[in-house]
Amino acid sequence: MSIRLDNIAKHFGNTQALEPISLDINEGELVGLLGPSGSGKTTLLRIIAGLENADRTAQPGKILFGERDVTHVHVRDRRIGFVFQNYALFRHMSVYDNVAFGLTVLSRKHRPSSGEIRARVYRLLEMVKLESFANRYPAQLSGGQQQRVSLARALAVEPEVLLLDEPFGALDAKVRQELRRWLRHLHDELNFTSVFVTHDQEEALELSDRVVVMSNGRIEQIDTPDALYRSPANRFVFEFLGDVNHLEGKVNNAVLTCGDAHLHVDLPDGHEELLLRPHEVRLTQAPTAESHLPVTITAISPVGAEVRVELEADWLAQPWLATVRHTDFEHLELQRGQRLYAHPRHWRRFPESVSKAPEQRHVA
Amino acid sequence: MQRIGDAPLVRRLLITAAVLLSGLFLLLPLVAIFAQAFSQGVSVFWSNVSDYYTLHAIGLTLMIALLTIPVCLVFGVALAWLVTRFDFPGRRLLQTLIDIPFAVSPVVAGLIYLLLYGRNGWIGGWLDSYDIQLMFAWPGILMVTIFVTCPFVARELIPLMQAQGSREEEAAVTLGASGWTTFRRVTLPNIRWALLYGIILTNARAVGEFGAVSVVSGAIRGQTNTLPLHLEQLYQDYNAVGAFACAALLALIALLTLAAKAGLEWRAARREAFA
Numbered sequence: 001m002s003i004r005l006d007n008i009a010k011h012f013g014n015t016q017a018l019e020p021i022s023l024d025i026n027e028g029e030l031v032g033l034l035g036p037s038g039s040g041k042t043t044l045l046r047i048i049a050g051l052e053n054a055d056r057t058a059q060p061g062k063i064l065f066g067e068r069d070v071t072h073v074h075v076r077d078r079r080i081g082f083v084f085q086n087y088a089l090f091r092h093m094s095v096y097d098n099v100a101f102g103l104t105v106l107s108r109k110h111r112p113s114s115g116e117i118r119a120r121v122y123r124l125l126e127m128v129k130l131e132s133f134a135n136r137y138p139a140q141l142s143g144g145q146q147q148r149v150s151l152a153r154a155l156a157v158e159p160e161v162l163l164l165d166e167p168f169g170a171l172d173a174k175v176r177q178e179l180r181r182w183l184r185h186l187h188d189e190l191n192f193t194s195v196f197v198t199h200d201q202e203e204a205l206e207l208s209d210r211v212v213v214m215s216n217g218r219i220e221q222i223d224t225p226d227a228l229y230r231s232p233a234n235r236f237v238f239e240f241l242g243d244v245n246h247l248e249g250k251v252n253n254a255v256l257t258c259g260d261a262h263l264h265v266d267l268p269d270g271h272e273e274l275l276l277r278p279h280e281v282r283l284t285q286a287p288t289a290e291s292h293l294p295v296t297i298t299a300i301s302p303v304g305a306e307v308r309v310e311l312e313a314d315w316l317a318q319p320w321l322a323t324v325r326h327t328d329f330e331h332l333e334l335q336r337g338q339r340l341y342a343h344p345r346h347w348r349r350f351p352e353s354v355s356k357a358p359e360q361r362h363v364a
Numbered sequence: 001m002q003r004i005g006d007a008p009l010v011r012r013l014l015i016t017a018a019v020l021l022s023g024l025f026l027l028l029p030l031v032a033i034f035a036q037a038f039s040q041g042v043s044v045f046w047s048n049v050s051d052y053y054t055l056h057a058i059g060l061t062l063m064i065a066l067l068t069i070p071v072c073l074v075f076g077v078a079l080a081w082l083v084t085r086f087d088f089p090g091r092r093l094l095q096t097l098i099d100i101p102f103a104v105s106p107v108v109a110g111l112i113y114l115l116l117y118g119r120n121g122w123i124g125g126w127l128d129s130y131d132i133q134l135m136f137a138w139p140g141i142l143m144v145t146i147f148v149t150c151p152f153v154a155r156e157l158i159p160l161m162q163a164q165g166s167r168e169e170e171a172a173v174t175l176g177a178s179g180w181t182t183f184r185r186v187t188l189p190n191i192r193w194a195l196l197y198g199i200i201l202t203n204a205r206a207v208g209e210f211g212a213v214s215v216v217s218g219a220i221r222g223q224t225n226t227l228p229l230h231l232e233q234l235y236q237d238y239n240a241v242g243a244f245a246c247a248a249l250l251a252l253i254a255l256l257t258l259a260a261k262a263g264l265e266w267r268a269a270r271r272e273a274f275a
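Residue numbers (the UniProt record's numbering), protein chains in the order written: chain A, 1 to 364; chain B, 1 to 275.
For the record, the hints were derived by calculation from the structure and aren't laboratory data. Treat the hints loosely; a few may be bogus.
Claimed, not checked - Here are some of the chain B residues that sit facing chain A, going by a computed Cβ distance under 7 Å: (1) SER166; (2) ARG167; (3) GLU168; (4) ALA171; (5) VAL173; (6) ALA177; (7) VAL186; (8) LEU264; (9) GLU265.
Backbone N, C-alpha and C fix where the C-beta goes; we use that ideal spot for every residue, glycine too.
Work out the full structure: start from the sequences and follow the hints.
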């Protein structure tokens with residue numbers, strides 16, 4: 001079922017938690033709401049669920065599920081599945097009773113027979129691979145298992161919209177990875193529309209069909225993960241999606257100067273700030289005609305597929321981070337304290353004017 | 001290495017002091033009550049207890065407690081629910097107001113009720129014109145008892161419900177549960193032990209309350225005399241055995257209450273260890 005938000009705003013006291021927001025989510029889509037804490041993403045999710053009411057302003061907002069206007073429909077009648085950040089399992093009920101809850105509270109007319117409920121609960125428990133845990137209590141389960149119970153509980157009522165609030169936030173990295181893949185799989189199989197909230201850009205990029213990047217109660221960009229990473233709409237999105245190195249200085253005759261560092265750039269004279277990702281930094285023993293950016297290695301950490309190298313220099317306000325392939329790392333024989341030269345392969349700038357598209361340059 | 005208080009001398013001194021003080025101030029009086037009550041044999045004790053006026057006092061006391069508990073229960077749950085589940089202006093003030101009955105001396109509470117609801121009082125005068133008498137009758141005793149005991153249940157529930165948060169209730173509602181179903185199947189099971197504990201405290205206080213009740217009851221023997229008031233009257237009449245027989249009854253109720261409380265705490269601890 002598609003979800004349409006039209007002009008939804010929310011304030012708590014004097015703080016504007018959400019500026020008027022409009023958003024279309026297609027049927028069967030898996031959408032991530034990504035943003036730092038306080039960006040309004042959870043508030044937005046709770047408004048979609050009906051756990052929070054949008055402001056009633058002069059032009060009140062609207063929420064549509066498909067063709068159905070649910071703006072004033074109570075949570076209990078919206079027929080959504082909601083997965084809470086800390087699972088919110090009923091602590092005094094067994095796993096079985098937790099999953100069965102949504103079925104047992106149906107009015108007698110709609111309630112399936114007890115045998116049917118039993119069959120359905122076990123089918124769900126099988127799906128989340130917890131059949132043998134039916135009689136356990138939530139406190140006896142690990143975090144990942146609790147989260148799976150909470151998913152099964154939400155799915156028991158066969159919602160057409162599944163909403164998840166930081167579903168994997170409290171889990172360790174490995175379990176999180178596993179559950180992510182499993183959720184993606186489940187989503188594709190059961191074909192409901194899902195919206196999840198996260199502050200983890202990796203999670204959002206990996207799991208979503210589209211990502212909604214939010215900050216300060218506003219939507220900064222809505223795009224597919226790929227488009228988001230390749231062409232961020234503004235500086236906030238670029239900085240939020242990964243590590244960023246800054247190079248700030250004055251441009252004079254197509255040369256950007258910053259202390260004893262300088263870089264050839266094709267830009268008009270004036271103050272400039274260039275941004276580049278760690279993998280866009282190349283390290284060499286000698287400067288080139290294009291760039292002269294002397295740096296000193298302060299830390300080296302071989303993590304995963306790459307080596308992360310921290311760089312400092314007098315002309316840098318904040319240290320840079322460069323990622324180097326293991327082969328290059330061995331080739332260059334990098335060591336802590338070593339002095340090298342950095343070369344941007346590629347950089348971006350986000351001029352202050354908001355409307356202007358970001359500029360990107362490849363350096364030869 | 002030694003931790004603070006590890007020195008054997010300090011430890012022994014502290015333990016001795018604790019045992020001595022609790023023996024002297026807690027255990028000895030308790031033993032004395034029962035010793036006095038039975039000092040002239042079981043039959044005298046029994047005849048004192050089965051005295052008409054004593055039986056009436058027991059009956060009245062139990063009736064007041066039985067009526068107080070449901071009122072405090074509903075009031076406490078509603079108040080705790082209001083304070084922990086909603087945010088509204090004056091919420092903190094309300095939380096402070098709950099404690100007034102604890103902060104005010106019961107005698108003062110009794111006097112205020114007398115002033116308001118007595119025959120010459122503001123509301124009492126008006127009620128009197130309809131022939132309704134609250135003070136110096138059991139309704140007055142009930143009113144002040146409720147006043148004195150009403151914070152117990154709320155006080156037990158508020159910290160617990162605050163700690164538990166409202167996520168489980170929200171989960172229940174997203175699953176389609178009605179308000180009443182949510183309360184019955186999610187909220188109530190989570191607070192039941194605290195609730196029971198609150199009831200035990202309420203009961204203990206309702207049975208034992210003296211100050212506020214003595215002001216509004218008039219202590220008419222066989223009519224408005226509760227057990228603590230009756231005890232005091234017997235003592236004033238130099239009937240020491242009778243007084244101590246009543247005291248023994250009250251002490252027995254207190255002991256039973258403590259036992260129930262300890263039982264609940266033990267259960268709660270066991271549940272925690274199990275979970």
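Consistency of the hints with the structure:
no.	hint	verdict
1	SER166	9 Å, violated
2	ARG167	4 Å, holds
3	GLU168	5 Å, holds
4	ALA171	4 Å, holds
5	VAL173	5 Å, holds
6	ALA177	4 Å, holds
7	VAL186	6 Å, holds
8	LEU264	16 Å, violated
9	GLU265	18 Å, violated
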